[in-house]
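*Asks:* Residue-level listing of the chains:
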Amino acid sequence: MVRGEGLTAHLVEYIIRVMRYSRNSLLAPLLFASVIALAHHSNVMFDKEKEISLKGTVKEFVFANPHVSILISVADANGVTTDWSFEAASTQGMVRAGWRKSTLKPGDSVTIVGRPLRDGRPGAQLVRAILADGTVLQSSAGGNY
Amino acid sequence: MVKINTVLRWTPVLVLASAVSQLSAQGPAPAEQPGALSKENLAKPRAKPPFDLTGNWMFSAQMNRDNGVFNFLPLPKLKPAAKALYEAGQKAEASGKAFHNDAGACWPAGMPMMMTRVWPNQTIQLPTMIVMMQMLKNEMRWIYLDGRPHADPEIKAPSYAGDSIGHWEGDTLVVETTNFEAKHHWVQTGIPVSDQFKLVERIKLKDDGKTMEDTFIMTDPVNWEGEWVSTKRWYRYDNSDIEEAYCLPDLNDRLPATGPSSNIR
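Taken in order, these protein sequences are the chains called L and G.
Just so you know, we're using numbering that gives the first Met the number 0 here: the first sequence kicks off at 0 and counts up by one.
Just so you know, we're using numbering that gives the first Met the number 0 here: the second sequence kicks off at 0 and counts up by one.
Since no wrong hints were added, every one of them can be taken at face value.
The calculated lysine to aspartate or glutamate pairs, modelled on EDC-like cross-linking and capped at a C-alpha distance of 16 Å, are:
#1 Lys96/G x Asp118/L
#2 Lys96/G x Glu86/G
#3 Lys205/G x Asp51/G
#4 Lys47/L x Glu92/G
#5 Lys96/G x Asp46/L
Just so you know, the hints here were simulated from the structure itself, not pulled from any lab data.
The following block holds chain G by itself, in its conformation from the complex (with noise of 0.2 Å):
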């Protein structure tokens, strides 16, 4: 029989030990980032920046006539796997079915496609942040210009926004996302995103602020070869606000477009 004075002297050996093999395998608890609308980290000193985005923007059909309208050409050259699924899409579309229209079916459209849709993005531009608001579906993405690196993927989920960090080349911002959630999410239709899936973005304000400038340079080695790029711009429309847009699934089921007949899975 365990004597009881055995006992009382070994357990705070045990609860230690107990508490490092826990921390052994959850890791230690990340670095403190300060937030980017912490005070702290507002009022870190920093370069002016080259422009401020701050403002409403509308996509552009006319705009974007030469780069494919609301998809991104040209391709590139897509991998076997991609390029069956991209010809059933088009295939599909010529015969007035949507494919895999999962932004149709309240899915999120995440990046790239929720840029490229005929709502106002509405973005605020501060010195530690970019936050950019589309009315499609309210979605929203974060971009980082405080210096932070890249949240590491073992304590931040993918997203179909990603994770994406900015800075200042020039007359040029250059966003860089990463870590996508690909359950879902297609660049456009038939074409989707990986896992590996990573956007450079070369972001430049024009004609005395009124255009908005986005060349998206894409990379996905399980999807496509090399990089895919295309320009997008955006006109100012700051006479306007954005508001709730949420995509519901009872208005769907009345919508003649986003039914189940109307789209082929």
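Same shape as in the complex, but just chain L (with noise of 0.2 Å):
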């Protein structure tokens, strides 16, 4: 199932899905600036050519402007945890995707897509999320970041 199905969120998929197939072609790029908001701060310190998949526990959701916080806590093979910080989109992008307030909660299981740290520090760009029900919810939505 995915909520928050529009146009936008359909332009997000097809231009990941571009990119991963095109990574020499000159296009990409351009395709994917026309998505990448700017919040209100730089954005720099995200690799966006990548994407990482983590399933893990979360640990706090803190739904609030200018951007929503998640923090999960990831296992590794030999049960060793680790923090994972996302930066998400505002309430009101995020709202329009299909997020609540409620959506998830500490102790919820959860997978989360998102654009690492160029440096190697656990954090990342929200790019999308699945739920233990298999929900997709997308960053954001409606032009909003």
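Two chains, each in its own frame: build the complex with the hints.
*Replies:* This is the structure we're talking about:
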């Protein structure tokens, strides 16, 4: 099930696919530039050409502006856990994509796809989340970031 | 010994002299400018403006591809100090670090950066004033249309939005903004604003009122030569309202992009 379906959500998904399969294309960065929104701060610390997918347990979900914050605990193969911090969009943009204040709560299982920090710290910019019931939520919709 | 009668005789003179001395140091009280929302000011007869900007406006990356998207392009010829800062900023960004990202660290973005972020800009146009409220950190600007001159910098502090005075020229709203606060204030990455920064905007409404277009004409003799000109566009986004979105230090601490290790200063 995909909530928050709309032209923007489909466009983002499409462009991610285009980027994934056309890394060497000159067109890909242009397409990407068309949807990466600029927040209240610079976004250069995120790797725009890379996506990571992490399954973990929610430790914190802060539903606030200017950016929603998600903290999840991720266990590696040896059971060692690392806390990953995800920056999301504004509440308006997320609500338009189907998110609600009660969407995540501590203890929930979630898979999060994001653009990781380039310096290797455990942090990323949210691209989409897959909830325990399979619901897919994009990071934002409706033009808001 | 001074007689009490002598003291009493001269006291009023001394008090008056002291008051005159303080007045000359501080200047006379400024003339009363009727507020933009005063009934008297709003009721004055004025020509009908060519358009009404009232509405919510969203900055669009797609509509600004030809002018640098979030940056103001083309760049002017930068003065040596500004050029060095700009090049340091480019180098930092290429390495994945923000550079003097003061807006991210809760300093005001100010003009013109506050206009070019992807959150709605709620605009209310009155006969005497246009108020623009950015959802970006709830930054505000006031453009006075009531014929007043720029405020004397002796009586109005410099600010990040500046002192904006607008007038109509045919189908264009022309806004001149001066008296900027330069501290931690940037046009865009690596290009600072000095206290000599001046901004003229030529604003038009296009596409049957669906597009707002603003040509920014920026001068700053400290940081670049001549005029820096870039045109930006927004689309009408009336199926929304804005919300509180202050920059919060504790939230910033949680976000991976706004910590000190992500920002070269």
